[in-house]
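Q: Chain E is fixed; fit chain B onto it per the hints.
Note that the protein sequences, when read in sequence, are chains E and B.
Mapped onto our numbering, the consecutive letters of the first sequence carry residue numbers 1 to 371.
Mapped onto our numbering, the consecutive letters of the second sequence carry residue numbers 1 to 181.
Certain hints may be false.
Now the stretches of chain E that chain B is said to cover, found in silico as 3 or more residues with beta-carbon under 8 Å [said to hold, decoys possible]:
hint, stretch
1, 156-164
2, 179-186
3, 232-239
4, 332-346
5, 356-365
Calculated from the model, a selection of chain E residues having no Cβ within reach of chain B, i.e. all distances over 12 Å [as the list claims (entries may be wrong)]:
hint, residue
6, His10
7, Leu12
8, Gln19
9, Pro21
10, Ala121
11, Asp137
12, Arg153
13, Ile201
14, Arg216
15, Gly219
16, Asp249
17, Leu267
18, Tyr328
19, Gln353
To be clear, the hints were calculated from the coordinates, so they are not data collected in a lab.
Every value quoted in this text rests on a predicted model; they were computed, and no experiment measured them.
No residue lacks a Cβ here, since even glycine has one placed at the ideal position from N, Cα and C.
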Amino acid sequence: MKIERNLEEHSLYLNMGPQHPSTHGVLRVILKLDGEYIEEAEPVLGYIHRMHEKMGENRTYAQYLPNMGRVDYLSALSYNQCYVGAVERLTGIAPPPRAEYIRVITTELNRLSSHLLWFGAYVLDLGGFTPFLYSFDDREHILDLLESITGSRLTYCYFRFGGVSKDITDDFITGTRAFIKRLRMHLPMYETLVTKNVIFINRVKEVGIITPEAARRYGVTGPALRGSGIKYDVRKNEPYSIYPEVDFDIPVQDGCDALSRYIVRMLEMEQSMRIIEQALDKLPEGPVMAPKVPKKVKPPKGDCYFAVETARGDFGIYIVSDGTETAYRIKLRTPGFSNLSIFAEISRGTLLQDAISTMGSLDLVIPEIDR
Amino acid sequence: MLLSKTKTAIESIFPLEIKEADYARVGYHLEVILDAEKVVSLAKVMMAQGFYLEDVTAIDLNPDMEVIYHYAHTEGCCRVTGRAYTPRHAPEVPTIAGIYSGANWHERETHDFFGITFKDHPYLVPLLLPEDADFHPLVKEDGKVKQLKDIKRAEVKEQAGAPAAGEGKPAPAGGEKGEKA
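Looking at chain E on its own, in the form it has when it is part of the complex:
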């Protein structure tokens, strides 16, 4: 870490990152400190910028699919879903019902794995090592399940225009049901171990206050917004896929602090499990790919916007087609970008140690912010 000192101002300049363990990736935050208090914070982005949007302009629609698993590697399937959804809306390809169910089942499993990783890493940031080991143990089961059908453990590229690449197996269904049973047993343990732990509560309660008004000015979405008492979830507000057919709740907390955001995510895990169970019960028979999907997708001229709810919030893709095999413009609206932009404002005047709990509670995934 590089420390610069300006003796005239009596301020301390501190670089948090790009190698700080609590930034989870390569984010750098320049902090101007007055003692232990943050006077000014400036996130510096771009350390893992790969220009995904340019890549979308020089390859065919199908060739761009693997990129989606690499924008946000922790909820890759939500990104898969958004991209295929956008192209399907543009071309009018309709996936069969079984494929839509499989998409939702696997995406929700992916959301669980993302939340479990966040849970472990967040508590680790705050100094608790053991929950990390438990949550990674649980997460491992999801990775095994998803590996058995998608072929990869992290950067999934499983959805196709008009369906999914491979049908799920009976082993996957039994495995998923067994996993849900296991996680239901483990969640109360997490609650006693962490949620009710007084040391943890002192680190997160009334820390990193995001008022609903500030959240709107910055375009904060996802659990970070629902922790500020606003019930907004793309799955309910703008239903896509089979979400209207399953029954689930949107957990909301109105504390506006890191603890509220933590609780929202913990409650969301139960809702994801409910969605998976219902989808498995209702899973229709049939093909998993629409018939006659052209090998080279060539959408008509025009533009289209498609949004999904990822583990971190509202992710939208805006595609502009000029009628060729390659998109004229692909814009990725990632939730983490907007969620991080509020950090400078909410960390002003707080303690340095609170910056860690604030940043962790936003659930940042840097590759998704830098794109």
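A: For chain B alone, kept in the frame of chain E given last:
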């Protein structure tokens, strides 16, 4: 309800610029095509109506770049797309960072990628690109850049008096400028 309320609010200020979009096909409900100077007034209307800013982005077109503002609402489902046009050789639009704080980063990103100057922006330095970057990656080469009519959806023929398929949408600001060139 939300849609009609929003429509009325935008219509009272931009009666000519607003048009309804086919949500099932394009994913947004309303489209507002503006002159570049008016993006701030649109942002003020959207703020008053309780919208949040999804993103600010652009498309490189000849002769005018298109700057796009996506707005969405947290109560219900209503998406509004604002479009402004600015000359490609010297792109400039006013900033809306004074109204939507989140626009600060979105505009810096658009400046990185397209070289668009956001007038009165508080801190217009590279965000995602290196601080000494002297290129704008999403600006297309001269041979590859297209015109507005090349990317606009063909109008549905059933509409009375609709232009023939393939023709550009008659836009109050951009369309006319596009035809002049």
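Q: Look at each hint and say if it fits the structure.
A: Structure-based check of all given hints:
| no. | hint | in the structure |
| --- | --- | --- |
| 1 | 156-164 | violated (count 0) |
| 2 | 179-186 | violated (count 0) |
| 3 | 232-239 | holds (count 3) |
| 4 | 332-346 | holds (count 6) |
| 5 | 356-365 | violated (count 0) |
| 6 | His10 | holds (24 Å) |
| 7 | Leu12 | holds (22 Å) |
| 8 | Gln19 | holds (18 Å) |
| 9 | Pro21 | holds (23 Å) |
| 10 | Ala121 | holds (24 Å) |
| 11 | Asp137 | holds (36 Å) |
| 12 | Arg153 | holds (28 Å) |
| 13 | Ile201 | holds (28 Å) |
| 14 | Arg216 | violated (5 Å) |
| 15 | Gly219 | violated (4 Å) |
| 16 | Asp249 | holds (17 Å) |
| 17 | Leu267 | holds (19 Å) |
| 18 | Tyr328 | violated (5 Å) |
| 19 | Gln353 | holds (25 Å) |
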